[in-house]
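Peer 1: Here's the letter readout for the chains.
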Amino acid sequence: MANTVKIKATDGSDVEFVDTVIGAGGMKDVYFSPDKSHVVAFFRDRQDFNAKDRLQNITGVYREKIFNQIGGEYWKDLYCWPTKIVEHNGKLGLVCPTYHKHFFFSTGSINNDFLGIKGKEKEGKWYASAKNQNKFLDPKERGDWFKYFQICINISRAVRRLHAAGLAHSDLSYKNVLLDPTSGKASIIDIDGLVVPGKYPPDVLGTPDFIAPEVIATKHLKMGDAARQLPKITTDRHALAVMIYMYLLYRHPLRGGKVWDTDPAKDEDLSMGAKALFVEHPTDTANRVKVKDLQPSQLPQGDPTKIPYSVCGPYLKKLFDSAFIDGLHNPAARPTADEWEQALLKTVDLMQPCQNPSCWHKWFVFDNTAKPKCPFCGAEYHGQLPVLNLYSSRRAGTFTPDDYRLMVFSEQGLYQWHVNRNISPNEKLTAEQKKRAGYFLFHNNKWLLVNERLNDLEDKTEGKKILIGQFVELTDGKQILLSKEDGGRLIIVQLVANKR
Amino acid sequence: MRRLPVYLLLDTSGSMRGEPIEAVKVGLDAMVASLRQDPFALESVHISIITFDKDVKQIMPLTELESMQIPDIQTPESGPTHLGMALELLCQKVDAEVQLSTPERKGDWMPLLFIMTDGKPSDVQLYNQMIPEVKKRHFGSIIACAAGVKADTKPLELLTSQVYSLDTTDSTTFKQFFKWVSASVSVGNRSIGAADEIVLPPPPPEVHNII
Numbered sequence: 000m001a002n003t004v005k006i007k008a009t010d011g012s013d014v015e016f017v018d019t020v021i022g023a024g025g026m027k028d029v030y031f032s033p034d035k036s037h038v039v040a041f042f043r044d045r046q047d048f049n050a051k052d053r054l055q056n057i058t059g060v061y062r063e064k065i066f067n068q069i070g071g072e073y074w075k076d077l078y079c080w081p082t083k084i085v086e087h088n089g090k091l092g093l094v095c096p097t098y099h100k101h102f103f104f105s106t107g108s109i110n111n112d113f114l115g116i117k118g119k120e121k122e123g124k125w126y127a128s129a130k131n132q133n134k135f136l137d138p139k140e141r142g143d144w145f146k147y148f149q150i151c152i153n154i155s156r157a158v159r160r161l162h163a164a165g166l167a168h169s170d171l172s173y174k175n176v177l178l179d180p181t182s183g184k185a186s187i188i189d190i191d192g193l194v195v196p197g198k199y200p201p202d203v204l205g206t207p208d209f210i211a212p213e214v215i216a217t218k219h220l221k222m223g224d225a226a227r228q229l230p231k232i233t234t235d236r237h238a239l240a241v242m243i244y245m246y247l248l249y250r251h252p253l254r255g256g257k258v259w260d261t262d263p264a265k266d267e268d269l270s271m272g273a274k275a276l277f278v279e280h281p282t283d284t285a286n287r288v289k290v291k292d293l294q295p296s297q298l299p300q301g302d303p304t305k306i307p308y309s310v311c312g313p314y315l316k317k318l319f320d321s322a323f324i325d326g327l328h329n330p331a332a333r334p335t336a337d338e339w340e341q342a343l344l345k346t347v348d349l350m351q352p353c354q355n356p357s358c359w360h361k362w363f364v365f366d367n368t369a370k371p372k373c374p375f376c377g378a379e380y381h382g383q384l385p386v387l388n389l390y391s392s393r394r395a396g397t398f399t400p401d402d403y404r405l406m407v408f409s410e411q412g413l414y415q416w417h418v419n420r421n422i423s424p425n426e427k428l429t430a431e432q433k434k435r436a437g438y439f440l441f442h443n444n445k446w447l448l449v450n451e452r453l454n455d456l457e458d459k460t461e462g463k464k465i466l467i468g469q470f471v472e473l474t475d476g477k478q479i480l481l482s483k484e485d486g487g488r489l490i491i492v493q494l495v496a497n498k499r
Numbered sequence: 000m001r002r003l004p005v006y007l008l009l010d011t012s013g014s015m016r017g018e019p020i021e022a023v024k025v026g027l028d029a030m031v032a033s034l035r036q037d038p039f040a041l042e043s044v045h046i047s048i049i050t051f052d053k054d055v056k057q058i059m060p061l062t063e064l065e066s067m068q069i070p071d072i073q074t075p076e077s078g079p080t081h082l083g084m085a086l087e088l089l090c091q092k093v094d095a096e097v098q099l100s101t102p103e104r105k106g107d108w109m110p111l112l113f114i115m116t117d118g119k120p121s122d123v124q125l126y127n128q129m130i131p132e133v134k135k136r137h138f139g140s141i142i143a144c145a146a147g148v149k150a151d152t153k154p155l156e157l158l159t160s161q162v163y164s165l166d167t168t169d170s171t172t173f174k175q176f177f178k179w180v181s182a183s184v185s186v187g188n189r190s191i192g193a194a195d196e197i198v199l200p201p202p203p204p205e206v207h208n209i210i
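For the protein sequence lines, the chains are A and B, in the order given.
Residues 0 to 499 in numbering that gives the first Met the number 0 are what the first sequence lists, from first letter to last.
Residues 0 to 210 in numbering that gives the first Met the number 0 are what the second sequence lists, from first letter to last.
The set of hints was computed from the structure by calculation and includes no laboratory data.
Just so you know, not all the hints are guaranteed correct.
In silico EDC-like pairs for lysine to aspartate or glutamate, Cα to Cα no more than 16 angstroms straight-line [stated by the list, open to error]:
id, chain 1, residue 1, chain 2, residue 2
1, A, K433, A, E461
2, A, K134, B, E63
3, A, K134, B, E65
4, A, K289, B, E103
5, A, K345, A, D366
6, A, K265, B, E63
Taking beta-carbon pairs under 8 angstroms as the criterion, some of the chain B residues facing chain A (in silico) [stated by the list, open to error]:
id, residue
7, R1
8, Q36
9, P38
10, F39
11, L41
12, P75
13, G78
14, W108
15, M109
16, K174
Yeah, the Cβ is synthetic: ideal placement off N, Cα and C, and Gly gets one too.
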C-alpha cells in the first residue's frame, strides 16, 4: 500500500493524497485523495510569482465570484475548478474535484475495445472526428445528435459565465473540455490557465484547430509587440464556434482543399491564420472540401455538399455566418457565448426524432418545409407534425411573433421558458420553474397538449379554459393562451401533414 | 486529411540478439498501444519500420495505426551494421510512400525519423554518402538514439543534432525511448506555448543529450 501524505493547503485546511502518481499531464503529476473524491496535481516545474498569484486568484476570488452566488451549485458540473493550493517538497500543487464517472469510457471502442480505451477520459477529439466516430467508437459511446446539442449548450453556458466574470479560458480545445455524449454533459477542465485581461498574460497560444486566425498570423512577432495578438475573450469565441461546428458536424470549418503553400507547416499557418477561409463560404469557393481527397471513413459527414451547415437550423446558421464569414478576421463580429447558448436552445425546440429507427443521428432540425425530411438518412417524416409558433404580448391585447417555434413530438414537454418570454432555461431557474408545465401526446390519431401546472391555459379559438389535468387538441390554426402573466405567451398551431 | 509518416530505423545486428531485441519488441508494442489510445494520432499517424544488420529490410511499409501488426523481428548471430544501406532504403521508401503537397492537393506532414542503434555503421562510405540524401528529404525531425556503452554517437551527429545516448539496452530504457517517441509523435494536439514553440517533449531522464 502506498503511503497517504497529509499536508496543509495554503488556506490552512488539511489535504491528503495517496503517494502514487495516477496520471501525468503536460505540466503536472496527479495523485488521488484517499477517498478518490479529489485529486492533487503538482506542477513538475517551479512556478514563478505571477503563476502563483494567478492560481491564488483562481482558487480564491474568481472561484468565489462564480460559485458563491445564487445558483452557484449549478456550475459544479460544468467546471472542474481547482479549490485549493498546496505546497509539498518545494512543488506547487492544486486540489481539484475528481472528474465525474460519466467522463470515462464505459465500453470504449468496437470489437471488444480493440483500442484499449475503456476507462480512459472522453476527450473531445474522439467525437469531433468523423473517422473516429465511424470507425472506432462503440455505438453505445456515441450518443445521438440531440446529446451533442446538450453538450454544446453546456459548453456555451460555461464559457458565457467565465466571460461574464471577465475571464478568458485561453485554451478551449478537445483536451480541455470533457464530454459525455451518452448523457449530454460537458465539463471544462484545466482552468488554471485562465487569463484575466490586463492582469495575467496567457502562457499558451491555444491548441491547433482552435487558435484564432489573428493569433496565428501574428505569432512570429515578439512578445510585447503591439500588433501581436494573444488569447483573450474574442479568441475564446472563435474556439467556441469551431468547437460547436465540430461537435455538430464532425469536421473542421477551415480545413478545406486549398493549398496555400506546398510546405505543410507554412500551409497550416496560412490556412489557420492569415488566409483562413470558411470551407462553406457562400461566394468564395476557393477552400471547398475536395471529397476525393477524403478517406472513406470520413464520409458522409466530411462532405459539406451532402451535409451542409444549414442542417443545424436557421438560428445556428446565422451564428456560423457571423463566426466564420464576418467574424473570422474581425474578432469584434464573432458571436458571444451567450448568443450561442440562446441559439442552441431555440434550435433544440425545432428538433424532431427521426422516424427511421436505424438513423445514425436519430434527430434532425425541422427544415421549415411542408415535406420534412431527415437530412442525415433521408427518411421523410410521415404523419401530422404540429409546429407551434410562439407569440408574446408587449402591449395588452396584442401578440407579436417571438421568432421562436416549438416542434412537437409525442411525450415532449412544455416548460416555463416556452410559457413566458421573460424566462430562459439557464442556471437561474428555480426548482419550481424547472418543473414541466405540460406535455404533448399523440393519442387516437390526435395531437393533444395535456395541462400539468398552467393556471391560465385557455383555448382561445374555442374560448374555453383548460384546467390542470385536462387537455386541448392541437388543430391547424388553433390559438392557445399559455399564461396571462407579464411576458406570457400565446401559441398558434400549424399542422404539417405529410401523408404516406 | 494529412498523414504524419513516422519512420523507425532499428538496429538488429548480432549484438542486439537476446534480451535487447526482446526489449525493443516490448517497447514497440507499448508504443503502438499508447498511440492507439490517442484520437489525434489515430487520425494521422502512419508508421514504417526498417531493420538493419547485414541485410536491410523494410519489415513494415508505411501503415496506419489501426491496421498495424508488428511483424516478428529477427536478429542474425553476428555480422555488420549496415546503417548506410538502411538510409539508402529509407530514401527510396520516403520517395515512394510520402505524398508531397502539390498546388492542387495537400500532401503529408513532414515525416519524422527515429534511429536506434547499439553500435556504429560498418558501411561508413555509403553512410556518409547518404547523409546529404537524407537531408534532402526534409524530415520534420530526425532523432537518433545510441543505446548501450558500445554505441558510437559521432557518426549519428553528422546526420542530426538530436542525438541521445541511452546507458543500457535493457527493457526499461527501451520502454522509455518508445514512450518518448509516442509523446513526440502525438505532440500535435497539445497546447502551444505563448513564448516559444517546443516541438518535442523533454527526453526521458535516462537519455542524455550529448550535444
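Peer 1: Look at each hint and say if it fits the structure.
Peer 2: Hints versus structure:
As the CA atoms of K433(A) and E461(A) are separated by approximately 30 angstroms, the hinted pair breaks the 16 angstroms bound. The hinted pair formed by K134(A) and E63(B) meets the criterion: a straight-line CA distance of about 13 angstroms does not exceed 16 angstroms. Taken as a hint, the K134(A) and E65(B) pair is honoured in the structure, with Cα atoms around 10 angstroms apart against an allowance of 16 angstroms. Between the alpha carbons of K289(A) and E103(B) the distance comes to roughly 10 angstroms, so the proposed pair stays at or under 16 angstroms and holds.
With a C-alpha separation of about 14 angstroms, the suggested pair K345(A) and D366(A) falls inside the 16 angstroms cut-off, and the hint holds. For the suggested pair K265(A) and E63(B), the alpha carbons sit about 24 angstroms apart, so the restraint of at most 16 angstroms is broken. The interface hint given for R1(B) holds, since its Cβ lies 6 angstroms from the closest Cβ of chain A, which is under the 8 angstroms cut-off. Contact between Q36(B) and chain A, as hinted, is supported at the beta carbon level, the nearest pair being about 5 angstroms apart and thus within 8 angstroms.
Hint status for P38(B): holds, given a least beta-carbon distance of 4 angstroms to chain A, under 8 angstroms. For F39(B), the suggested interface contact is upheld, since its CB lies about 5 angstroms from the closest CB of chain A, less than 8 angstroms. For L41(B), the suggested interface contact is upheld, since its CB lies about 7 angstroms from the closest CB of chain A, less than 8 angstroms. Proximity of P75(B) to chain A is violated relative to the hint, the smallest CB-CB distance being about 34 angstroms (cut-off 8 angstroms).
The interface hint given for G78(B) is broken, as the beta carbon of that residue sits about 37 angstroms from the closest beta carbon of chain A, more than 8 angstroms. The beta carbon of W108(B) is positioned within 8 angstroms of a beta carbon in chain A (closest approach about 5 angstroms), and the interface hint is therefore held. With a cut of 8 angstroms, the hint placing M109(B) at the interface with chain A holds, because the nearest CB-to-CB distance is about 6 angstroms. At a threshold of 8 angstroms, the smallest CB-CB gap from K174(B) to chain A is about 15 angstroms, leaving the interface hint violated.
In this structure, the earlier hints numbered 1, 6, 12, 13, 16 are contradicted, and the remaining ones agree with it.
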